[in-house]
Amino acid sequence: MSFDLITHSPTMVLGIPLLFAFLTPLADKVSKELRDAVFMMGLLLTVFFVFVMSYEVYTSGAWTYVFGGTESRPTSLTSYFRIMFAADGFSALATITVAITALGAGIYSFAFMDGHSGMEKYYALFLLTFAGVNGMILTADLFNLFVWFEVTSIASCGLIAFQNYRGKSVEAALKYMLISVIGGLFLLVSIGLLYGEYGVLNFYYLAAVMTGGLVDKIALAIIFVVFAMKASSVPMHMWAPDVYSESPGSVTPFIAITSMGSLFVLFRILFGMFRFSMGAVELGTLLIILGLLSMFIGVSMALKQSDVKRLIGYLSVSQIGYMLLAVGVGLTTLENGDYGTFGAMALEGGFFHMINDGVYKALLFLSAAAVVYATGTKDLNRLGGLAHRMPYTTVFFLIGGLSIAGVPPLSGFSSKLLIYKSIYLYHPILAIIALVVSIITFALIGKIFYNAFLGPDLGLTRGEVPTSMLAAMMILTVIVVVFSLFPNYVVAEIVVPAIEGLGVIP
Amino acid sequence: MIDIVLKDMWSPIALIAVVLLMGLITYMIYNLGNPTYKRTKHKGEPFISGNKPPSDLSTIHVGGDNVFWGFTHALRKYIDPLVKGHTGIVNDYVYWFVITLALVLIYFYIMI
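Going down the list, the protein sequences come from chains A and B. When you line the first sequence up against the working numbering, it's residues 1 to 506, in that order. When you line the second sequence up against the working numbering, it's residues 1 to 112, in that order.
Keep in mind that a hint or two might mislead.
Examples of chain B residues lying across from chain A (beta carbon under 8 Å, computed) [to be verified]:
hint, residue
1, D3
2, L6
3, G64
4, F68
5, W69
6, G70
7, I79
8, V83
9, H86
10, Y93
Derived from the structure by calculation, the hints contain no laboratory data. Here a beta-carbon is modelled for each residue, glycine too, at the ideal position from N, C-alpha and C.
From just these sequences and the hints, can you work out the full model?
This is the structure we're talking about:
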């Protein structure tokens, strides 16, 4: 096969951020301007290749990238001993979600982190995290997954603790590091179990040979719980609000998207590997239970918060619940090899909600960070009247907030509508719970909006945040609006290929 | 092939068109109002049960903990234990991981 960038784009979305992560500190030796330019170039090139890979998937179909192999698809057993990347619709959906968030957070960082020392390390860690999440999503090899899991965890930990003059940031980073290390070690144990049993670590190969014995069940349980914890599913969610609240504001959406990256991995493993030998109904039921717990406990805890970032952090846990619930319902319908009457609808809703949530949650976190940047506080008891002096941030927050609350015509409503209808067909009580959680979410967004932005001008800030921060929020707002206006196009072009990419529909 | 079911359920463009149309009708009705109305200094000022608004505006803004106080107070038997369970101690985070892993293992052992 001749070398062409389109075919090799799955490696580019990892190689470029890795390369630029090491170029950024070198560029810093020359000048700060060059350092910023190199970081931006690395970020934009990675995003570009994510879209190149996705476009190729949507136009020419999925392919498996075999490292060190000469064939684009595995043709022999030897291929399965090489590292493989799955360039399919599911990877495209996941990497696009991460890329959009990374672009927003990266542009936002310029002004938000201005004045901090050691920015070359910040940018290097940022790009390493980007590479790590992309690697987790694309890889079809369990040990390679462990490597990218570790890269993501270590780099994210450095980003969370970047403002190390704040004790709480360091505490949050320590918590994140501990749960990541424990998750990583358990993941390694499960990989060892599967390797000892089958001698291969390739997803596709394991899916074909797995028998569903006791060792497989133990490995599955560990992998399931590790990625559920990293995805901040209840009852292993407690690290998430701590981290989201205390990490630098420009990084928070990026940490949240690494968490969603774990959810993508969990779904790929469940659909692509374990559902053949384990019961899809039982796996789906477990996802539904975790989803319900996450939705309800997340939003209940949010009710008591007065820290704006912590409140959004709990709402984020609650939104993860919607995805677990919808995908769980989709998985339960897979017993006979098809999605029945509502399984595909549930998956459409779940996956559409993932990309929506990635974008509007980033917007919410960035607008909350803008509030903290402008006023120096994230305490809702002390905030008020910011709409007088921060009109753009107010509009951005409102659009993100109404979208997470599922208010029509915003994008959150479109995905939630699919979820409500499909889970109603599965069991009406689930739809009622989902609606109640949505109503409380709406009330909580109202609480933040009223407390921070409405009311008399308290003179907490002199004006709007810098232009680059506004530009980053504007980009995310435009994407939310586009997703809101053309949901059918997004579902047809991005979400349906993702469902097909899971290998269920031929 | 998977059906795109959303297109049969929901059209945001149609909703926006209806909202714009209703806005236009509302504006037309608004224009039918009393043409002699003139905005003066005191018209449109807040009326707080006849009391003068306080000079310190921060006192009239309801703070974060007070919004939905009644709701959270009524649900305190549910919410307080939940809050108490979120200790912020990292050991507890690991306990929950181990407990969940044990429960999932038992679930898989019995159900699959």
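Now for the hints, and whether the structure bears them out:
About 7 Å separates the beta-carbon of B:D3 from the nearest beta-carbon of chain A, less than 8 Å, and the hint is met. For B:L6, the interface hint holds, the least distance from its beta-carbon to any beta-carbon of chain A being 5 Å, beneath 8 Å. Because the beta carbon of B:G64 sits about 3 Å from the nearest beta carbon in chain A, less than 8 Å, this interface hint is met. Evaluation of the B:F68 hint against chain A yields a held restraint, the C-beta minimum of about 6 Å falling below 8 Å.
Contact between B:W69 and chain A, as hinted, is not supported at the beta carbon level, the nearest pair being about 10 Å apart and thus beyond 8 Å. Look at B:G70: its Cβ only gets to about 12 Å from chain A, farther than 8 Å, so that hint breaks. Taking 8 Å as the C-beta contact cut-off toward chain A, the hint placing B:I79 at the interface holds, the least distance being around 6 Å. Annotation: interface hint on B:V83 holds; nearest CB of chain A at approximately 5 Å, less than 8 Å.
Because the beta carbon of B:H86 sits about 6 Å from the nearest beta carbon in chain A, less than 8 Å, this interface hint is met. Interface hint at B:Y93: satisfied, since its Cβ lies 5 Å from the closest Cβ of chain A, which is below the 8 Å cut-off.
Going down the numbered hints, you'll see the structure goes against 5 and 6, while the others check out.
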